[in-house]
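Since chain A is already given, all that's left is putting chain B on it; use the hints.
Residue numbers (the numbering used here), protein chains in the order written: chain A, 7 to 123; chain B, 930 to 1042.
Keep in mind that the hints were calculated from the coordinates and are not lab data.
All of these numbers come straight from a predicted model, not from anything done at the bench.
Please note that the accuracy of each hint is not assured.
What the hints assert, rightly or not - For lysine to any residue, the following SDA-like pairs were computed, each having C-alpha atoms within a straight-line distance of at most 25 Å:
1) B:1029 <-> B:1003
2) A:70 <-> B:1028
3) B:1029 <-> A:96
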Amino acid sequence: GAVVSQHPSRVICKSGTSVKIECRSLDFQATTMFWYRQFPKQSLMLMATSNEGSKATYEQGVEKDKFLINHASLTLSTLTVTSAHPEDSSFYICSARAVGQANEKLFFGSGTQLSVL
Amino acid sequence: GDSVTQMEGPVTLSEEAFLTINCTYTATGYPSLFWYVQYPGEGLQLLLKATKADDKGSNKGFEATYRKETTSFHLEKGSVQVSDSAVYFCALYLVQGAQKLVFGQGTRLTINP
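Same shape as in the complex, but just chain A (with noise of 0.2 Å):
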């Protein structure tokens, strides 16, 4: 099946530093990317949808010059957590929709877990 890659898998950070996290489909094109964001014992939270080549649109809540999403192609979108602070420490993951295919028939990568010190 199609498969997308995540990484890194953990991150520890200082506070104030930014952080990358990548999510590539290794096997198909994606037009559109989603990254949710889970807090311990919470609801996995969509954070965002990244369509390649604009601007991604941000959920209610999410503050976007913090959250920097680039979908640069059709196979990477990547997600910058701006001058984290321990309130960011979560578990971000993203997931992919491939082309032609509805929004509910998605791929998701394993996954990354944020510690900001």
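Quick look at chain B alone, frame taken from chain A:
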């Protein structure tokens, strides 16, 4: 708004035990319902789905029935194996509306030999 509530984990069972993970939903329309599974170190994978009331989704011995009257989609398996140890996510998708997957919080399942 649309939401999904799952049975709080973690759930620990012995091999060959019967499994139920409860999932209920709130939605403004008629959603499709899904169960995803995440094995250690891997991405979420679609386990099964049901698109309308009374549909039963099944895969790998797991089953879930779309119950509109109780707004539920409980996951069941008659005899679990150690290899079923994973995190299970219930989700809904509405075509009429935001067109995005709405997830529950996930339930971690551990099966002991």
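Results of checking the hints against the structure:
no., hint, in the structure
1, B:1029 <-> B:1003, "holds, 21 Å"
2, A:70 <-> B:1028, "holds, 21 Å"
3, B:1029 <-> A:96, "holds, 21 Å"
When held up to the earlier numbered hints, the structure conflicts with none and fits them all.
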